[in-house]
Structure formats: C-alpha cells, structure tokens
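Participant: Since chain D is already given, all that's left is putting chain S on it; use the hints.
Line order of the protein sequences matches chains D and S.
Its first residue numbered 1, the first sequence is counted upward by one per residue in the numbering used here.
Its first residue numbered 458, the second sequence is counted upward by one per residue in the numbering used here.
Quick caveat, the hints were computed from the structure, so don't treat them as lab data.
Note that the Cβ used here is the ideal one computed from N, Cα and C, for glycine as well.
Restricting the straight-line Cα-Cα distance to at most 27 Å, the calculated cross-link-like pairs of lysine-lysine (BS3-like) are:
hint, chain 1, residue 1, chain 2, residue 2
1, D, Lys-234, S, Lys-956
2, S, Lys-1052, D, Lys-202
3, S, Lys-983, S, Lys-867
4, S, Lys-1117, S, Lys-1052
5, D, Lys-64, D, Lys-364
6, S, Lys-801, S, Lys-820
Reference listing, derived: stretches of chain D covered by chain S, where coverage requires no fewer than 3 residues with Cβ under 8 Å from a Cβ of chain S:
hint, region
7, 139-151
8, 188-200
9, 227-237
10, 246-255
Sample of chain S residues with no beta-carbon within 10 Å of chain D, all distances over it, derived:
hint, residue
11, Leu-563
12, Thr-908
13, Gln-936
14, Lys-983
15, Asp-987
16, Glu-1134
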Amino acid sequence: MKKHLHNIGVCRRELLQVGFLGALGMLAGTPAQAAHGGKGPKAKSVILVWMPGGPPQMHLWDIKPGSPSQCRGTARAISTPVAGMQVSYQMPLIAQQAKHLAVVRTMTMGQEDANHIPGHQLMLAGIDELPRTFKSFATRNDWPSIDSVISALKPAQKGLPGAVHLPVRIRFEGTPCPGETAGWLGAKYDPWLIERDPSDPKFTVPDLLPVAGMTIDRLEDRQRLLTDIDSYRKDLDRDVEVRQLADAQARAFSLATSSAVRDAFDLSKETDATRERYGKHAWGQSLLLARRLVATGVTFLQVNLGGLNHWDYHDKENDGLKRDMPKFDQGVSALLEDLSQRGMLNDTLVILMSEMGRNPVIGKPVTGSVDNGARADGRNHWQWCWSGAFAGGGVKGGQVIGQTDDWAGFANSKAYFPSDLSATIFEALGIAPETDIHDALGRPVPISRGHVMQELF
Amino acid sequence: MRLWLSLLVPAVAIVSLAAPPAKKTPRTGGQGAYFKTDIMPILTRAGCNSGPCHGANAGKGGFHLSLLGFDPQSDWESLTRFIGARRVRPDAPDQSLMLRKAIGLLSHGGGPRFSKESAEHAVLKNWMAAGVPGPTDADPSVTTLTVTPERATVAVGDTRQITVTATLSNGKIRDVTPQTLFSSGDGALIEVTPGGLAKSLAPGEGPVVIRYGGKFATARLLAPFAPARTPQSAPDPLDRLVHQRLAALGLPTSPRCDDVTYLRRVSLDLTGQLPTPEVVRAFSSDSDTKKREKLVDMLLNSESYVDFWTQRWSDLLRSSERTLGKKSRDAYHGFIRESISKNKPYDVFVAELLTNSGDSVAKPAVNFYRAGKSEYRPALTPEELGETTAQLLMGVRLQCAHCHNHPYEKWTQRQYYQLAAFFGRIEAQNKNEAEGEIKSQEMGEVYHPKTGEALAPAALDGPMLAKDFKGDRRAAFSQWLTAPSNPFFARLLANRLWKYTMGRGLVEPVDDFRVTNPATNEPLLKALTDEVRASGYDLKKLLRRLVLTQTYQRDSRRVPGNERDDRYYSRFFVKRLAAEPLLDALSAATGTFEKFDGYPDGTRAIQLKDPAVASMFLETFGRPPRQAACDCERMSEANLGQALHFLNAPTLQAHLSDPKGRLAKLKAAPPRAVVEELYLASLSRLPTDDEAVNAALQLARGTSPEDLLWALLSSREFGFNR
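One chain only, chain S, in its complex shape:
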C-alpha cells in the first residue's frame, strides 16, 4: 500500500482536488439500511475512517473518508463515485473492492477487517444490492445513547459486558452494541474488547469510552481497593464528599499532618516561598488552636501571594515581551498584578480581559487579544481566540474541530467556527513594536470552511446571536461566559484551584473536560463549582477554604490500605516544586539571591515578569515559554540535565559558598546548631535526634557544612511539596 501511495503521490492530490461538489441528491434505501445509522457505524467500528487509516487528512491508498465519519455525504461520494465506482458494485457486491479488501481477498494495507460470515459483511452487501443509498436529511439520526451498565461495582479482574442502545430520531430504539466503538478511558484501570467486554485491571473507577453515530457516552466499572467502609464524618461538605468516595472505594485516610509540614506546604502552595527558620520555630511553639487559620490569612495577605499568583496567571495569559512588546508587557503584567492584589472577582477579571478596547498600554487588558499572536499580526485570529477562550476559560479543547468534528467529543466543526465568530469583528492594529490597539467593529465574518456560509456567533451549547446583532460580540460572549448558568466557566476554575492545592485535578488534564474524560469525583466537582459561584468568584476566599479542608491537611505518608491511591485524595499528593519556587527556595535556604539581568538585587524568581529573562536554572527546570494558554507548557519532570545541574553547576556552588550567605554566618556555631539551622532553612523542620546526632558527628569529623546543605537541597524532601 505504501508503494502505491508513493507512486500515486501526485495523483492522490489530483483525486482529492477533483472531488465533485456535493450536489446530486443521493437515492434513499429500499432495503431499510440507512447510510448514517447502518453503514457509517460499520466503517467507524472497523477502523476504516480512523486517523491513521482512511480518516487521515490525505486519506490512505488514495481513498479518503471523513475522520470517524463526521461527513456522511462526502464519505458516500468517496465510496460510490471514484475509480469507476469499483469500490461498490450494486450489480455484484461480492466483486466490490470494499468487500473484497475488507474480508482479505485483496491486499489491503489495513489487513482484513471482518469475515465473509460477519453481520457487517451482510449489511454492506444488502446495502450495495439496494443500490448504495446515500445519506439524506430524512435519515434517522441518533438522539440518545443508553449504556448498560452505566456504573457497576466489580472486583479487580472481573469483566462486564457493556451494551449500548440507541434511540433514533424516528423513535426507534435498537441495540447497537455490535456497531459501537469501545475504548478504554484509562489504560491503567480498565481495558475493553472491541465487542464491549470491559475488564477492571486495578482498583479505582475506570471509564469505558463509547462512541456511536456521533454520540459519546461512558460506562464505569468501580473496583474497590478493599470492602466499602462507613464514610468518615467531617464538618466540611467538600471533605464529606471526598470521604464518601473513599468509603465506597474502601480507602482509609492518612492522618492530619503535623504543624511544620502544614506550614511548609501551605506557604509553598499559596506564596511559592519557604517559611524562614524563625517562622518555623514560632509556628511550632504557637499554642493557638486557630494558628493554621491565622497562618493562611497572613499568607493570603502577603506580597508573595500577589507575586506568585500573578506569575501563575501571567503564564496562562501568555504575558511576554516577545509577542507584546516591552511597554505592553509591562502594562499587562501590571494589570494582572493589580487584579490579584485587589482580589478582583475572577469573573470581573475575565470580563475585563474580554471586553476592553483601546491602546495596549493605556488599556492593558486588551493584551488578552494580542498575547501569543505571531510576530507580525496585530492580534490573534478569530479561530485562535475561539480555541484559546475555550481551553483557558471553559476547559474545552476545541482544536480538533478546526478541520473536522471533534473525534472525542460532541463538538462539531460548525460549532468551532460559530464560537470563533464572536471574535470575528475585532479591529486590531500594530502602532509600533511595543504597542497595538484593539477595537470592536461592525464588520467581519467567520465562514464555515466547507460550506462557505457566514456564521452567526453561537456559544458552545449556548444561544446564537441574532444575525443582525449590532453590539460588541465580545461583550455578548463575556456575558454568556460569566453568567451563573454557564456550565463551563466556574467548573474550570474549581478544577484549577483544586489542582493547585491538592496536587491533582478532579479532571486531568486540568483543562480537558469531556464526556469521555469524567472527573474522579463528580459530586465533589459539582459542589465546588457551586461554591465558586456562590463565593462571587472570590479567589482568596476559595483558596482559604480549600487549604483548611481535612483533605488538604492530610499527611502525604501512606497508611496501610491507601498505598496505591493516586487519584482519590486519601492522602496528600506530593508535587514537585516548579522552577521558580525551587530557585527561590534554594536562595532562601542558602541565604543568598540569584541575580537576574535588568532586575534589582534580591528579586525573587516568582517576581520575574517575562519568560525570556536569562536563567540557565529556570530553563533547565522547565519554566514555561508562555506560548500556549495551557498548564501543559510547564515541564516539571526531573531529568538528567537538572540532576547534573544540582551536582556540578558553578552557580549552585556559588550560592553555597557565598560569603554573605547562611553558611558564612554559621561559621562560629557549634555543629548541632548548624545542623538544626540548615534543616530548618531547607526542609522547614528540625532534624530528628538520629539525624541531628549523625549530621553533627559528620561535621565534627570534618565534613563541610556546605556538603550537608548541598545534600539537603538535593533531597526528595526539599524538591517536593509534601
């Protein structure tokens, strides 16, 4: 087949160019087989129209089908119109290329797909004999899929047959299990055969993804870790929902973490900074029963909170000098920082980003439309803006629907461009290298790439704007997005805040909500989403209540029974320190600072405005380039380069041996005091007696305190928030 393709390379292009416009009305069926609901599912189920096969943009072997069958009309034409219509043979179905290749009588790059005796073969044969009726508007379509069982509790290793029933638009209900495409939504937990026999592989709840006729559904098998238990009680409704989930899964919880662990954890999560040794000592000896609450309030009101969350949002909002120009970048950074500093409600903040007009320095919020643009353009394109807002503000990854209907979601190509149309009337210009202007205008259309139709803006699953709508389309979008009834907006913020505190999103990736990617605890996500709205999108208030939950305060150590839990929050999930907080922690522990070009001495890494500030350390440790509105930009995994950097980098050694640093000040101190101070400064805890004795002994025997501090900074305990 490959040989074919190479010989036909120019020819393939011609064939697809020569595709006739879809005009001639296809015939309808006589045998009762409808193209959309009988024939297409066979092609999908057999993999014919999958991405690596004929569903590829260029097709395969000169034969192209729309990806997973999103365009029945063009598929019908591909099957019936080209290469002398030899693919289908109404006169002699058994002689058709389609059937002969599918059952292996003719060489086929994809091998045989089904047997001559199969139901698929019979249906296709009848369909051909009936004169290959094509899709018509009168064809029934699928209105709903019913999955049985939708949820079941099983033991690891157990299997369940999943059956799928489709309700058609003509009212008919039928079992479509044999035509359904099944796949595992989580390969670690569950596997499923092409026939829909699902098997639980490990404890947890594994989703099976179900696709039929352009509709999606999931079935879930829950395999408890141990017999279900009674849920632990808790005053907090969010904790109760976590506990209910844990109880059903038979997972015990780890105990509450100790004070110094909590201090370090919450300081890093809210401010990206380590507590100083003095703060650790004071917090340990504080006998106030409300000291954790007091601590959280203090952190939320600190400058470091503002710095840290400004950096986090600047990452997502792609604030960078390279695309915006220095003056605009400074203004945008200032706008974000002020919004965080004033604890501006998140919905107000987003509305300002979406609806402002004017100069990019005087009205810095408009940089939302400029951030991430390519060099010479004055703004992002309507398509880019549709994708960006969908992912960044709604948690919907719409990119696939740029070229074809989304293969894992219900979103259609039409919806993609309807969303883009909200941003189709932006007038943008570059004033100079560092400044631009964004305005709303009354002209500008977004067209459907296949039909050429000018599309009226329509929100995802939302209302369509009237064709003659004269106002600012962006404002209409913003209103819809931030309205209490919007299903996406608050939910995504809830998931983000949960991930930023608890270490793992209820949905992962954090901005990839799909029917086929269910949350690990849906009632919890719903409750938190409601709270996000009820709080008036008050970020500080939400963070405060999250870090004071029992769930957040659990120890990261495992207890017997929850060793294997990595998604239900039976213990605190550790997270690696990101590049900037890690560098700041290193500076704090060594009592030094890192010098950044163009910034005053003592500037911390979380205060940097731009991803381009030269820093070997930050680059090695995966600082995001701020090109995509996606948390995925940050590469947090440890690699060889990072480890070598810790081992041998002259800069790290310079921190350790800085004459003004912590070690220099400890020169005269007795070994035990040195050990305690270094533990406090790096791990934010006192050494155990064994550790203290051992380390002091080593120092007394001539080990350099530098080496001890190096080892502390290289330790797992230092590199992770735990």
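Just chain D, with the same shape it has in the complex:
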C-alpha cells in the first residue's frame, strides 16, 4: 500500500472563516440551500452502484475500436437507441436504457496509482487528498463518507436510516476499509452496513427483526423498563459518548418497530417476474432492495458490486468480464427501467462508479515500478482517467461527457476529481457543497471543495 499522509483543512480559505461552533467535532448548522443554476434540487435520493477494484473503462463506457490491440483487447462497441452513443457489447440491456444515461469518460485522481484503499477513501468521501490521519483500515479519524455527511445535514425521516450499504462491506483481508463510515463526524451518522446476500432464500437483515417469540409489545415493555433504569443516572446523558449510545438506541428502537422498514426489506413482496428481471443474484436483488428502500424514504443507497478487489482484473481480464458483466448488465438495466416505469427516476440519482480504471495497455507495469502487478492478460491500476455513468435525479440522459485520447488513458477535455463527485451529489440533493461542517479539531471545513458537474444537468 502506498503511503500518503496529507493534511486537508488548513487552507487559507478555512482559516479565514472564523466562528467555530466548536461542539466537539459536531456539526456546523443548517446546510445552505444549493443554487443549482436556479433550477432547484431534483433528487430526493441517491443509489450509488459501486464497482470496487476498478473495471476497465475501455471495456465498458469508453470503447476505442480504433486503438491498438494491447489497448482494445476484446472490447467491441454496440450502438444504442441514442444516436452516436455507443457502449460495450457486453451491456446489451443497459444500452436500451441509454436515453437515461449520462456517461462521464473523464474521471481522474490526477495520478496513475493511488491504489484501492486510498482510492475508496477519496472517492467515497469526495475529497482530493488523503487526510493526514489516513490509515489503510477504517478508523474514527477517516474523512466522512459522502452519505454520512448527507445523513448529518439532511436527517432521514424518523425511524429510517439515512444511508444503507448492501450486500457486502469493503474490506481488505477481512478488515474494514475507510470510506464507508462517518469517520470523525461521529458514529451517529455511520451508514447502516448490511453484509447479507438478499438473493439468499434465508436472507434477513441482522438484528433488524425481533428474535423468535419476541413481539413489538414486549420490545416496548423492555424499552419502558430501560427508561426507568436510566432515570437513576440521568446525569450521565451530559456526556457526549453516553448521548451517542442513547441516540443509537432510540434509532434502533424506532427501526425495529417500524413496519415500513421491515416491509422494505421483505423481497417476497415483489413478484417473481420482477425479481427475475433484476437477476437472482446478490447484485440484482441488492439493486431491487435499493429501489424498495428508496421508495420507503431512505436517502442514500450504496450497492457494492463485490468486495475491494472484485473488478481488479490484474489478470484474466476476459474471464473477469464474462463473470461480472452479465449480472451487472441485468441488474443495472432492470433498476433504470424499473425506476423509470415507476416514475421514480426523476428524483433518484443513480451513479455507476468505481475508484479507478485500468491501464490503457494490457500487461504494462505501473510507471516507475519494477514489480509488475499485471499479467499478460490483465491490466494495472489507472487513476489518470476512467469512466462512470449517471442517470435520474435531473441528469440529462443520452449524452457522453468528456473526451479521452486514443487509448482511453488521458482526458482530452475537462476532467472530474473526486471532490467534483461529492459536490455534484450534494448539489443534486439540495445541499450547497460549500456548506461547512466542523472537523475533529473544531475547524470548519466545506463538505466539498469540488465543482458541480454542471454538464450533467
């Protein structure tokens, strides 16, 4: 893992903004309303379809039929109903949804290889430099994820979680990685991470449903007993840590007793045809669950299509694509079609994204490295330039944004940094990206330093 320990948050701009509220790393206050070019926010919720490991952009969204074979590989483009818009032949169903999609071909981190774990911290938090306290595993010093900031600034309705991640957590050798927690913003705003496969017939959300024999009435009885006991040391509630426990308990209780949430997680309420359309695998059913949760009022869904290195094709690129693309095509196309048919796409921003792309040249080592992580049939990491796609939530579909060079390796037009992604998501939800939150040292920092990707809207 490459080391990178950089500070964020001492830029002059912030030092000039005095007036800390200083409440122990808590929040600044109410978010400023986003301007959005006068059009007003469009999205009520976000579904982030996350592709960890970094799929090859030249095989999905940025096909270069004219490039040499070391770049092109086995990629082939097919046309879509949108004139001039082409995607991979491995996405025939997604191609049919092209009118909803704005493909962005020039995502960048301004470097070749920051690696996966830093890449996750940067992209999922929407920041351009690693915090000084960055570690290769999740700690409370991590920069808060975009969705945790949303949970903090746009609290979910009572009894609902602000953000949910499915069906796996991003881990390295079993240890959770940065990017999926609220970090220093506080555990209160952590997304709810559900590490279960919804396509499993025995799927249940851990700890959501009362144990066998437990009724809601009895849970409420227990709650009353607890209130009585806690009244003896009411003074403890003045401690921040105690309040965090009390908050978490209150939210857990309202979740566990809310029939809306229980129903949302109950996939048996869907027809078999719908379940088949999404695909009876972890990805498809998670995407279906995402739609159900969004309909219930959850603001942010992150569906992790695999673990940390899932799309990380250092070798056997074609095998990887054959394994992953059909499920991806099926699930994502179903989600777009379904949201659109239900009239939910206008206020649901769907993002297909990863923390990196792949080296334009098959088998090429990372620049300057003696240790070649790519085999002859795979590609190394590439964070100079890669692709993602957006739909819904006011995004103008049927367009391609950004041009790349002949190898899909560098941007030939404006490129977008992780901070631009966070700015765009916040803006779409009506939260001004320049809104301040207070970091662990009480310093006000803007929730995003990026620019809204106006071309999308």
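Facilitator: Then chain S, alone, in the frame of chain D:
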C-alpha cells in the same frame, strides 16, 4: 484552475520531472530581503504552500511549493525558473504572475491573497526588483520565537493580541507577528484571527498554535469557569497538582465516590471484569478502613489483571496470526503475558522487544519487528520501524516527515530517516508461513530520499551514532530510549497510564505529543513522568498509586460549578466499556459464557489471543484489527449496529434465556430477591428502594425477569465505567 489542471495533467507530471537539479548558486539579496526569513514566511502566511494549495505533493495549477516551505531552495527554483520565469519579473515586478495573481488581477484558483497596498506586496516587489535573491547558507535563520503573552488569564469572550518576536541567527530580533501563521489548537476553546487576535470561546485553557520560519510555539489563554479558589489540600502530590489546576480554573470537585461504585470502577479498569454479586455484598459490608487498598492489591494480583493487560499490550504490539503466523503469534502472546505476569519493568520489557535476535518462536520478542508487516515481507521496513517506535514508544507521530518536514512539529525529513537508520541493519527472513528470523547485521544504509546521502542513525533530539559504529544499532537505540535522561519514553507511559485510569489523557490523542498540542496539566504530567522513572517502570506500583488517588476516587456525578469540565478531572470521567470487557460483563451478568472457536468453554473475551477470532459481537463493538501501533484503532463509539445488536441479536437473547444461566437459577426466588440479584450482577449495586419496589411490582404483574435483565444490560450505567 481545475480546467487547467485537467488539461495539463500529463504536462504537470513532465514539469515536475523536468525540475533541474539544484546546483546553480543563487544570488544573494541587495535590498536586505532574505529569501528564508522575509519571502518564505509571506508564502506560508498567505497559504500559498499549504497542503490543499501549491504545497500539495503534485502542486496546484502546475505550480508546486514545498509544504509550508520546508525546502526553500526548491521553492526558489519553482518561483524563478519555470514557465519562462514569468512568475517573477525583476524587470517589471508588477507584471509578474506571482503578484498579479496574489492581488487578484489574474484569475487564481485560490482567489486574491493580499492587496496591492499590503506590506506583503511591497516586500515581494522589492525582492523582485533586487533580482529575486535566493536562499543561501549565509541567510539568517530563526533561532527562537518569543510569544507575548505566552499565557494569560482572561474571561470568556475576551480577546488578546498575540505578538511574536523572532531571534535570528545573526543576532537580530524582530517583530514577525504580521508574517506568523496562527491557528487554534482547540477549536472548542479558542479562536484566532490571521493577525493573531485570539478570543476565548469557552472556559478552559485554549492554545493558539504559532508557526514562523520552521519554528513552533504556543500561546495560551486561560478562561476560568468561576473566580479562582484556594486549592484543596491533599496528601498525594499528584492530587495536589490536579487541585492547583482546578483552583486556578475555579472548578469545584465532585465528592469521593461510594464503595460499590469504586469496586466496579477499579475492577473494570484493572481487570476488565465486573465484580460478582458476592464480592459486591462482601465489599459493602467490609468495615476495614483500608479495604480499597486491599481490593486494589487483590485485583493487581489476579489472573484477570494479567489477561486484561496482556490483551491491551497485544493490541498495541499488533500480535496477530495473520501477520506473524500461528506459532509465532502464540510465542509472542506468551512473551507478553509472561512479562505482564512477572510485572517485568516496562523499560526492560521494551529493551527486550528492541534488542532480541533469533527465531520468532524461540525468541518471541523479535516479533516486534514482524508485527504489522505486509504479507510477504519478513519484517517491517526501517521507515515503518522508525514511525512505529516513535509513536508507540515515544508518543511522537513522525509519519508526516516521511515525505516532507512535519507541518505541525519541528521534526524534519532528515530526522525521520536518521531515526529509521537505527533499523537499517536488520537481517530478516521468513523461514516458513509461521516462523521468521530477525538478526542484526553489519551492512545496510538508510538514504535521505532527496539528497541520496547515507544517514548515520540519530535519535530525535538525541545523539548521532558514529559513522563507523560497528555494534548493534538497535541496542544503541534501546539504550538511548530507556535512559533516565530520555524525554519521551517515561512521559508517554505516564500519559497512557493516566488515560487508562482517569479516562482522558493529559495529552490527547494519547500518543501525539507536540509543542502545538500541550498537556492540560503540564506540572502534573511532569511529576507523573518523574514517578514513572523513580518507580523503576513498575506498572503495578504505578497503577496502584493512580487508582488510590483522590482524583481517581471522585464521583462521576457533577456538582454545581463543574458541569462543563471535560478535561481537568474535577470529577471522574466516564468511559465506555470496550468490546471485550463489555462482552465479558454481559456473560457475567447473565451467568453464561460466549463460545469462541478453538478456545475451551468458559474462555473470556479478554483472554482471546487474536483479533481474528470470529465474533459478531466483538466486531460490531469495535475490536481493533491490530494493524497499527495506535490506540486509535479501537472504535468505541456507539452506533446503530451496536444498538440493534442489543435489541434483537439472537445471541444476546440466548444468553438471557440460557437454561444454565443466572435467570434459570432464580426461578423460584421471590421478586424482590430477583431484582436485587440482577442489579448486583449487572450494575454492581443494589437497587434503590424505589427501583426495587417498582421492578418487583412489574415482575409480580407478569413482566419477565429476562426483560428486566435485558433492560439492565442495555442501560447507560451498564455500558459505561462510571
């Protein structure tokens, strides 16, 4: 600017690659402006070389400066050599990019930084007109910073102007306030303007961090909570120092806590275990005036003490099967456990970790060099070892200096690699998956990444080893580290032990000592550090005296006047039970045990050797993965997943309804007896009369005892040590 950067992405890389080697001797100044002491501070103060701006590793907008100006020579070159030298214009300073961007005449991603009328502008303009003299060895440097006032007592809301005077190496003294970078060291207590006007925001002592010319200092404004009072007397010198601080701040103290509170508190802090109901009853009725002392001695001599502190040190020393292999992990765990069990002096323990050689099973202490390594490597790298020893054994976070001088401390990149050089001659190999070998050898150098110079080992603020030193460099380091004159070693242990008992370190984070992060009570930290040395690093002796202080024995309830104190120890600060003690407490209260794979029935969570033992509970409650030598690995904050776990986890319900558990044994007992027993088993106290009557009534009306016990286990009182 962003657009620029994206278009120039490949170009930026080329520009920085093409930076010429720093050879040509720069000219010296004619106008009296020195690059290092006049020009660089302007760049720092205006934020130009800050991390998010041009100080970023890749620069910004194709223009790179060293972070906070640690490399004047390369900054001078960046300013004067690239893009056709348009950044500076000796012939026409007003036409230079530097000045036009800085005053807002040209579009600048960072916006205007100062005005055309400012002193900064004038200095830079003169400097350009004088032919942009660069840094030379003859330039004066800053020797000391003098801050006025260094300390002041104010009222909340009051402001004080801080002035900074620099003494230069040429003997000159000058007011550098306008060029100094001020920032708040504690945003909850104090704020400061760019000009150095500090304002107290809340009662307490707030530090202002001061940076100029590579030197650091602090100024502190103390705003009392109430008018100062006379310090409370106390026989213990540590208590007296706490009281002096409290008196100056006008904080009253909470009274001494009652016996059962003390029993629960000290049992959890020393052994990670709850007292049993029998022990609670016996302790309450014991009339011995020395019963707290007796209790502490009993706890310190218990097996649970050994288990609990073995786990704590194993966390910090990163004992894990995944990196060490099972046989080596077992050996390392055994070594740590034996050291705790024998109460081995801490300095001896550390010296053994640092200086052993041999096989990782036969000589388990050598695993210090292997713990936390990446999978295929036989040991940590010299750089990793420098960082680890600095943080774990000295409380110095040196990581920043890997790539550049530390932005918040005096440590330079050179010092980083000089420290690493102590570990540059380790010969390491993997013998098999579970075993390796560590030896000292006579070859191996650590090089300065910028100059390529092979560096002789040098301790932080300490002596340098002779170039021709032939002995074991690790032994030399260990000797320096554990010597009585070492400023770091005992101080960090003092702070750790204080935090582990009192709930909050005198310095927080506990291993982040910096001039810019002062202790909340410096005389106290010093006195305790002296005691650590005087005790011969006797951990038990030190813990014993700490938990018998008045400070430790105070009630956690607030009294009028100390409600807002969260750092001066006017009351006992509550702490959340960590994952393992919490699980053990839960098992103890329910009279059951949790089954762990590969461990015999009845094994407690604090006895587990490895962070990888499967346990949904321990993972949910933030057990550390043992990858970094840092207390920060433990995530102790409550979150939704934890609360849901308590609410609905089948495993918790299984504990409650275990047919061999406590509740099963209480089936025939009358309600009042059930209530008393459950309170004792979980909260380690008897219920008040009201509580007892209320709960017994509920039971009589049909509430299940399971539900009562569930509520007790979910309560704030149970989840915290208070």
